[in-house]
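**Q** Take a look at the letters that make up each chain.
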Amino acid sequence: MTGLEALKELRARRRQQRVAQTDWFEALYRAYLAAIVGSISAIVLAGWLGGDQVSATELVDVQARGPAVIGIVAALELAIGLRSGSRGGPLAVEPAEVRHVLLSPVDRRQALLAPAIRQLRFALFTGLVSGAIIGVVASRRLPGPRWEWAATGAVFGSCVAVLFVGAALCSSGFRLPRPLATALAIGLLGVAVGTVAAEVWSPFEAFGGLALWPLRIKALELVALGVAVVLVLVGISRLGRLALELAERRTALVGQLRFAATMRDVRTVMVLHRQLAIDESRTKPWTKWVPIRQPVARRSWRGLMRISAGRILRMLLLAGVGAVLIGLAARGNRVLVLASGLCFWLVGMELAEPLAQTIDRPDRSSLLPRVRGDLFNDLLLVPGIFGSLLGIPVALLAGGVAGGGDLQIPAALAGFATVLAGVAGGAVTLVTGAPATTEKTSAMMLPEVAGIAMVVKTARAPVVAILGCLPLILATKAGGRPAAGVALQGLASVGLILAFVAMWIQRRDRWAESWRAALNPTPASTTPTSGAKPRRTS
Amino acid sequence: MSPMLSVKNLQRNYGDVVALGPISMTIKSGSAVALLGHNGSGKSTLLRIISGLLEPTDGEVTVAGFEPGSIEARQAVSYVADQPVFYDDLSVWEHLEMVARLHGATDWEQRAADLLGELGIYDRADDLPVRFSRGLRQKAALAIGLVRPFQLLLVDEPFVGLDSQGKQAFISLLGEAIEGGSTVLVATHELGFLERVERCIGLRSGDIMYDGTPIGFDPSSLLG
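Which chain is which? The protein sequence lines are A and B, in order. Heads up: the first sequence begins at 1 in the numbering used here, then just goes up one per residue. Heads up: the second sequence begins at 1001 in the numbering used here, then just goes up one per residue.
Just so you know, the hints here were simulated from the structure itself, not pulled from any lab data. Each residue gets a CB set at the ideal place from its N, CA and C atoms; glycine is no exception. Treat each hint with caution, since some may be false.
[Stated by the list, open to error] Sample of chain B residues facing chain A (criterion: CB under 10 Å; computed from the structure):
no., residue
1, 1013
2, 1016
3, 1074
4, 1102
[Unchecked claim] Residues from chain A shown here face chain B by an in silico Cβ test under 10 Å; the list is partial:
no., residue
5, 3
6, 100
7, 104
8, 105
9, 108
10, 225
11, 237
12, 238
Using the sequences and the hints, build the whole thing.
**A** This is the structure in structure tokens:
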């Protein structure tokens, strides 16, 4: 029996053992949860798009520009795939598989074929289901039978999913260096976005066109499917070239990442994602000059001066997207403020890194002769200043995208305020830390109440960031009053929210202590208080 | 006769940091070599490169005349890492079976039983090694590394966590491997192990500071 045959037999035996140990009730419960989440997403999406059919002019616009715009999704998947592959993705085999199987004299391509097909199958299923859901939602506004939209959505979703896996496998198999993969990814995205902006032919139109087949059919667009399949086949033929160093690193991190994501531990997800991306702090700071004397703020400054170029780029990109979303929200799609708030929440988490570093090492901070809340607020001083500086271009961009209407100034103010609210939201996430699994208070609650409490806890930080859009939100409800004046009131409200967050950070420990004391009152003391000597106990 | 291991101008960097080299050396078949050095001296990096887990930044390595990571080299090299890795759902015995069969070993059962007996974990054969203590994990990893046929055995810090019985058993098993014609390269801090080897290579900050018999080795030469 060859090593490969032995491997197949041993894997089959493990699979049988796993199937025998599967908790089918748990699996069904997960499927049930996934169905609920999927349905809610579909309803939210449908609500966002509205139910009215597009006008004839809009339909012409969708037919003309839709393929290129939707093609950006394909470019994005391709870009993410290239980057993932250059870091050892998309496969995440078990660490023991790397040591025992990939170091054994078995053909690596053959050994990795099964995990690769599993990955492809999962990606296909995810793409198919999400594509079909989006297709159904789109059918509410676009002409054509619902099943046609669902089918083409599924085809498009599967195509981009295969594109992702194929790009990642090729990138990994050809050992693309990370800088080259990143440059290629940026280039592809640039082409996709640029061609849409310039209204010229885009190479990604064929992919986007597939999604619009109920409106018009172009057989040539089947080439897109062919490209995706060819990429996967080429990637699979190069499976044996997987870099073990990257694979080992990835296998260890992906497991932790999944666990942290399950626990809704945003900070850990972020840190692990950075490790996965091999995104480390700079050895040499951007500048050694420190303009601050206060020691805690100095520490903050020094930390931020070591942020890698990649992270700065990511922050700028997120801030740019957030600003554009605010501008578009001012133009009509109000719900985009939610997405914008989420972007700035992520930016805020990055900016508040010095605070995160301190919270990650409680043993260090607890030794300092400072109240924790004061220390945390001091650490947020420099991120706040950087946030304000970033807020200026964000405000200009948001105002620019909003156009010249009444809502231009509110959009600009919202842009500025949301950056700061994002820092506050990020700080709330960090200070709150990972949600504990066995909190005493949760354990005492009814499951329904505990569930709501969990949702509130998880959502409050992004909500703080989203509230940064208050200048715009209030201005849209201004009625007859001048929008700019109402937006200024909104800005003041954001200021109050930020002040409340700072106060919450400062006094959180004290409040928590009082709350615990109220829940668990200490038994009445038996110690005499009259000044008499306590009696000896024998 | 070609050497079992040949290293020419080998260098490995992690970003800007040079972790190893450039170094050159050869190790002949059937020899027992100790690789000594403090933390960060490059011992583990060297072993991982030879095993094929890491790729060098520069230079050449051949194992039994083959490039590390090639099927022939994988057939020849058995690597016991300092941090053993196990499947969550396989017992010690199942690990032994898997590794032995992947390497084409036929009469592995008796060999596996003997190894577990010598290492004192025969009665734990059906337990999951992921739940073992540090020392037991180390013993399980040694058994897995030795159950399959090999020409070059690489062992990284084998004595960490081992009790005295485990240390004795491991040294005895190494002796058997050498007698069987295998080459052994052990990275360790244990100076007591030097009397068991014929050659000692001392590393400091990625460079070879000493290469010779253990008799002439001065541990202070490895201090920075």
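**Q** Now tell me, hint by hint, if it's right for this structure.
**A** Evaluated hints:
no.: 1; hint: 1013; result: 13 Å, violated
no.: 2; hint: 1016; result: 7 Å, holds
no.: 3; hint: 1074; result: 5 Å, holds
no.: 4; hint: 1102; result: 4 Å, holds
no.: 5; hint: 3; result: 5 Å, holds
no.: 6; hint: 100; result: 6 Å, holds
no.: 7; hint: 104; result: 4 Å, holds
no.: 8; hint: 105; result: 4 Å, holds
no.: 9; hint: 108; result: 9 Å, holds
no.: 10; hint: 225; result: 35 Å, violated
no.: 11; hint: 237; result: 17 Å, violated
no.: 12; hint: 238; result: 15 Å, violated
When held up to the earlier numbered hints, the structure conflicts with 1, 10, 11 and 12 and fits the remainder.
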